[in-house]
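Peer 1: The whole structure should be built from the sequences, with the hints applied where relevant.
Residue numbers (our numbering), protein chains in the order written: chain A, 12 to 415; chain B, 44 to 333.
Since the hints were made in silico from the structure, they are not lab data. Cβ coordinates follow ideal geometry from the N, Cα and C atoms, glycine included. Wrong hints could be hidden among the right ones.
What follows is a list of derived Cβ distance ranges for each label pair [said to hold, decoys possible]:
hint, chain 1, residue 1, chain 2, residue 2, range
1, B, P54, A, K133, 51 to 59 Å
2, B, H107, A, K78, 48 to 56 Å
3, B, L101, A, S85, 26 to 34 Å
Simulated crosslink set (BS3-like; lysine-lysine; CA at most 25 Å straight-line) [what the hints assert, rightly or not]:
hint, chain 1, residue 1, chain 2, residue 2
4, B, K278, A, K78
5, B, K278, A, K406
6, A, K392, B, K111
7, B, K222, A, K392
To be clear about the criterion: a stretch of chain B counts as covered by chain A if any three or more of its residues have a C-beta under 8 Å from a C-beta of chain A, and this derived list gives those stretches [to be verified]:
hint, stretch
8, 83-90
9, 142-153
10, 294-301
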Amino acid sequence: MRIIIVHLLALLFISNAYSETTLRWWQFWTDPAVKPTIESMVKEFEQANPDIKVELTDLTWANGHEKIVLAFSSGTAPDIVELGSDWIAQFADNEQLADISDDIIKDSSQFQGWGMATYKGKIYGFPWILGTRVIFCNRDLLTKAGYDTTFLPVTIAEFKKSALEIQKLGDDIYGWGSNTAERHRLYKKFLPFFWSAGAQLFTDDGKYCVISSTMGVEGLRLYHDLHKYAGYVANQRGIEDAFLDGKIGYIMSGDWLLKRIKLENRKINLVSTLVPGPKYPGWSFLGGEFLCISASSPNKEAAMKFIRFMTSPENQIRFCKANYSANPSSLKAQEDPFFTSNEHFQTFISQIKLSKHPPVIPEWVYIEDIIEEAVEESLFKTDLVAEPLRIARQKIQKIIDEKK
Amino acid sequence: MKHARYSILLPALPWILTFGLFWLFPLLFSLIAGFTDYSLLARNGFHWVGWDNYRELLQDEYFHSAVKNTLIFVFGTVPITTVLALFLALLVNKQFKGRGLFRAGYFLPSITSMVVIALIFTNLYQRGGYIALLASMLGFTPPEYGFLYNSNTALYGIMAMDIWMSVGYYMLIMLAGLKSIPDELYEAADIEGASPVKQLFSITLPLLRPVMLFIIVINSIKSFQVFVEIFVMTKGKFDTASMVYFIYDVGLTTAFRFGYASAAAYVLFIIIMIFSIMQFLLLRKRQPVW
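Peer 2: Right, dumping it as structure tokens:
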């Protein structure tokens, strides 16, 4: 009996000595081209940290957001969760995310994108993969429209004129790919033109909405005119299909288009360029994927260790190679030949420095709806420009005032 | 004796548990949630807000538009579907070659996935799609960017698809109703010299009244709950958001305001209940006695 007890105690001691911390990580990368890379990184992390085990759960973009919210709501949130930049303010405002400000002080200058994870002065997420939009052109259509092979639109006026020239080429050829009223997407296409026109959504102190300023109206007028006089209207996928089929001169898209061209082996005389502005270049939209730690996680230290591993420059390069992504958040990673040797990736890396993100406030979910409503009103209903923005300003101001 | 009473309940226990857990509890929980500021995102529980959610619904333009769209959908689809289903049932009730094929053909859309149909129709309604082409051939000017990208046509486009999809199912129910009408009544009417139209209005329709009541009530409830088509085809844009889409949107996407969404769900419940009672009262009035 005594021997049995001694053995049991020994077993208990051994198991305690090797007790594992299990980290639950929810992420969105289910693409067969990327998932094995993610899995192998996880395996490497576990080998380097035998006391930590990572439990990987896949989410889909179709319902991932809802699943995350339900998990937080029911108290079953994972330790680490991948969040889109648009979602951080809502979760942070409800105290669902851990403040990692103190953990990242030494990293802050080596990565881009902190602004999107900063809410009320605290940082709630580690930037992983960033995303911006650039202008893609079909060089063949530009040439057919009479432009020489070196032409790229620099100013808004040149951009608009060349889109209209392409439109004149004839049936089933369009100057510009114009997004339909797709939720969470339309505003990301409109805001670059809005910002490039010199407009801003709020006054610097954030107290007043100034969306309907003269410059704001100019931004919407340009977007409206491109849509009305040169627009091929479809959802993002439809626009990209038509662009790759050679029907559209210009589209605004992200780096996923480059991946698609590569995977589908599309033959298109592709040029990428920065968003044009009154004074070249203009501003684009900035978003990204962040790794966040749940406020209720008992394994915050291990979680931070894992996040640092996943976002290290080496692993970001590996990830980007697997996913054919252009925008690692790590500045060191951006210097890798994988990015510097690709002219399109270089366009993205240049544009990201000239990109803005929407304000990080929980009310943004409502504000983005109002902006999209104004753009839809102008493009698809009334053809007016100033009036929809005036109404939008009133609605947004009401939200800001209620917050006060 | 007591044991015997409980043992009767034993076989029903799985159902009782399922009913309690998945029907009764959510029903009562959402009733209570409708009077709170419960948000799925909030970490600090929820607070009693009384009738605030219902008051806010009264002032919410988005909700008003959702109610209006839902009513247009119900009043637009239910009568047309019922009449069309009756017409088709009368047609395929006659003896002719290939009758089975037609019956199966009309019924086929109703057993196809709504998502699949909605995706097909999204393509058909596009600019340059077949329906735009057909409209042009008939001399109509199709909407500039397609039927679903226009506030004047998007909802009606979805309604047309819904009618096309569900008419076969209701036709089958009508057909079952037609089969239950005794042939002797038509034979007697023939002898009396009643015309086919007279027979339709004096025999068929009065005797089909219970079946029609069933179809109208079931179809109205289904139409009040329209969601999938809208979610797949327009995401509530271009004045197509229905009440259920509104509930989904405010409760599970934008702000996760579960309490507010629950209040809207109970408003929908009350509207459906009132309509169902009205339909029962109107259509049962002159029910024939067998």
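Peer 1: So, for every hint listed, does it hold in this structure?
Peer 2: Verification of the supplied hints:
Range check, P54 (chain B) to K133 (chain A): Cβ separation about 57 Å, and the 51 to 59 Å hint holds. Distance hint check for H107 (chain B) and K78 (chain A): the Cβ-Cβ separation is about 31 Å, which falls outside the suggested range of 48 to 56 Å. Between L101 (chain B) and S85 (chain A) the C-beta distance comes to about 31 Å, which sits within the given range of 26 to 34 Å. Between K278 (chain B) and K78 (chain A), the direct Cα distance comes to roughly 19 Å. Compliance with the 25 Å bound is thereby established for this hinted pair.
Proposed proximity of K278 (chain B) and K406 (chain A) is supported: the alpha carbons are some 22 Å apart, at most 25 Å. At most 25 Å may separate the alpha-carbon atoms for a hinted pair to count; K392 (chain A) and K111 (chain B) meet this at roughly 19 Å. Among the hinted pairs, K222 (chain B) with K392 (chain A) is inconsistent with the structure: their alpha-carbon atoms are about 50 Å apart, more than 25 Å. Under the rule that three or more residues need a Cβ within less than 8 Å of chain A, the assignment of the stretch 83-90 of chain B holds, with 5 such residues.
Interface restraint, the stretch 142-153 of chain B with chain A: violated (0 residues with C-beta to C-beta distance below 8 Å; minimum three). Evaluation of the coverage hint for the stretch 294-301 of chain B: fulfilled, as 5 residues show C-beta separations to chain A shorter than 8 Å, against a requirement of three.
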